[in-house]
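First to last, the protein sequences are chains A and B. For what it's worth, the working numbering labels the leading residue of the first sequence as 1, then goes sequentially. For what it's worth, the working numbering labels the leading residue of the second sequence as 1, then goes sequentially.
Below, a list of computed lysine-lysine pairs in the BS3-like style, where the Cα atoms sit at most 27 Å apart:
#1 A:K139 - A:K75
#2 B:K139 - B:K75
#3 A:K139 - A:K39
#4 A:K401 - B:K401
#5 B:K39 - B:K401
#6 A:K366 - B:K139
#7 B:K366 - A:K401
#8 B:K39 - B:K139
#9 B:K142 - B:K39
#10 A:K366 - B:K39
#11 A:K401 - A:K39
#12 B:K227 - B:K75
#13 A:K75 - A:K39
#14 A:K142 - A:K39
#15 B:K75 - B:K142
#16 A:K75 - A:K227
#17 A:K39 - B:K366
#18 A:K142 - A:K75
#19 B:K75 - B:K39
#20 B:K366 - A:K139
#21 B:K401 - A:K366
FYI, nobody ran anything at the bench for these hints, they're computed from the structure.
There are 2 protein chains.
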Amino acid sequence: MSAAFASRWVELPGHVREDADAATLPQGFRAAGIAAGIKPEGLDLGVLVADPHETTSAARFTRSGVLAAPVQVTKERTDLGAIRAVAANSGNANAATGRPGLDEAARMQGAAAMVSGAPAEQVAVCSTGVIGVQLDGEKVVKGLLAARPELRPDGALDFAEAIRTTDALDKHLALDVELPGGTVRLTAQAKGAGMIQPNFATMLCFVQTDAALPAETCDLLLGVCVKRSFDRISVDGQLSTNDTAILMASGASGVAVEPESEAELRFGEALDYALRRLAILMVRDGEGARRVTRVVVRGGVAEGVERVAREVANSPLVKTAIYGNDPNWGRIAQAVGAAMLDMHPLHYDIRIDGTLVCSGGYATGKTAAFSGDEIEVEITLPGDGAETEVFFSDLGHEYIKINAEYTT
Amino acid sequence: MSAAFASRWVELPGHVREDADAATLPQGFRAAGIAAGIKPEGLDLGVLVADPHETTSAARFTRSGVLAAPVQVTKERTDLGAIRAVAANSGNANAATGRPGLDEAARMQGAAAMVSGAPAEQVAVCSTGVIGVQLDGEKVVKGLLAARPELRPDGALDFAEAIRTTDALDKHLALDVELPGGTVRLTAQAKGAGMIQPNFATMLCFVQTDAALPAETCDLLLGVCVKRSFDRISVDGQLSTNDTAILMASGASGVAVEPESEAELRFGEALDYALRRLAILMVRDGEGARRVTRVVVRGGVAEGVERVAREVANSPLVKTAIYGNDPNWGRIAQAVGAAMLDMHPLHYDIRIDGTLVCSGGYATGKTAAFSGDEIEVEITLPGDGAETEVFFSDLGHEYIKINAEYTT
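Build the full structure now, drawing on both the sequences and the hints.
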């Protein structure tokens, strides 16, 4: 069960109600999680099935030039607008595993098709874990067969558990969303980001609803909401070979979400809430992190605004200062300068939780602490019209400990 | 005195001999380092003077969009081809200090002119330390006046000590360089890089010679050698507001280095040796670092080769794995993919100290440890004709400790 979630940056929309029972999937879905022996212990293989043939879907993947085998197989062989089943394992990323890895990913897809009753081209496969080690396909196939009788309408938490690695926080939720045509359910399960699985910053997220959405609407809404959530977070600036986000809509509630309708707007708001909440949880769960910081950058040039936000979010100097509550905003100024090469003289302001510490590039003499769970840093560059935000975790001892001693 | 220096990546040229006496400057130079009270204790203000009026010079500065006041003053007011004096302080970066900071930097320049006997437009000023705190100009002026009687031909080590912050390793050297026209002397003093001064990754480097070089030759040689040294290192991917490198040639030996001559080639090799050695020392001295890694990337596209090298060098996952001797080369594969967005399928090889761990993007089954003081990682991308290298430090507990608790 999820602990109560609160963040100053995410608000539950008025037409959305949280359901404490996150195990029960929307109508039309079944899920299971089992221990297949890929990890030394615990659940490591999840299966998610949408029974209605009219299920629609959308997917987003990592942009890494080094794609894991399951990402390749899903991108190339799966009808991404009509995904009816997902098989996902933890403990092995099946990345940099060559032809044998592709064969195992395809075999995983085939076995999941058999178990779910959906054709192989409607099955997505996902993996997360260590890179460069062959996935034991026998274990996966046996595991999938064992999962078949376990598939249940209230299996969401087992599925969530199976894709989890070292996540300290639960990352699942269930929402009831009031639409003009009736109430629909939206559930989601996510894992990781930023080294929560210490070996790799893999982010997986699966969202289910019993609303009826055209595949194009799934794609549009998932695209917009991923851009506002998982695309706006950073634990350590690392990009995974395996990141995958999948939205599936079974239509089993009979409530339709038509393009450009009030229902689309409302459903989109609920999806946006869900993904931003999960994204912030990923940052909050960044290994050893104490605080989540949102950096907001405003200015006249979109590219510059984005570059400054990323430079601040990924600066180990800024991250360690926040971790240590060292009120050393000069490190933020350094990151601004590093992002704006050859742009001197640069007029910029820095505010920390509302306190103006740097005005026009110069110290105001005021200081601000990096205390509390959530910090807001605002940076203003010359001009206006462009604005962005990045949520990031700090950098502390636990990160080093976990990552210096992972496979050994 | 410098400890004996050895690295597999830097070799003393045959015509260059190291002199254990690094205190004695080349002919025509005097230097001093004194305690001006800018830091709580120790030397914190250095002065370097070239007495010959015909002294030539060249300088390179940080490309940050946020320039410290001394960098602005030196870039705008100093004849960079004829620098005859340098004043440099540690303990305060005089950055993000606005108009008062610029005034203090100009005052520092004026006082150093008085002390050195060179006109203000032939004086460079440098600072390193905390950002966003006003520099106490009274202390600087008093300190400079106190330094005047201390200026000595064998003052290089006091000068080096004054610009040092928390450097654990000495970064100075003295070389005798045989040129066709006679032997010239080359000395250099450097500090920092990569948070050796924990607050900031500032790199300062001063090089003196009694060879006679046209200013254009100074500029050419310094430019080439900085590109092959300080531009190729990373401790934590952070760019300082204060980085400065200055080469001064007094000509007092009477040995000329003419453009496109054998002497120029030989002098360039000595300078290259000196700067690469100091650069590697900076990486070796990266806070808490255990090992220096050189990543060499080869391929067909210069931009891609550079991007991959930087992504690997600045990846906290790669750095922590090397720190912990965790033979997890998958993190290098991840960094390659992150640098090459949307480039799948990507064929690349990874070698660690000669062992091919990944061939054509796929695990070979071989592993290689990250042990010893120096690691070499070679990455081959498709095509050929482009090659680069970056030297970087690992990331360990000491870095967090130092940087989370700096100003507090």
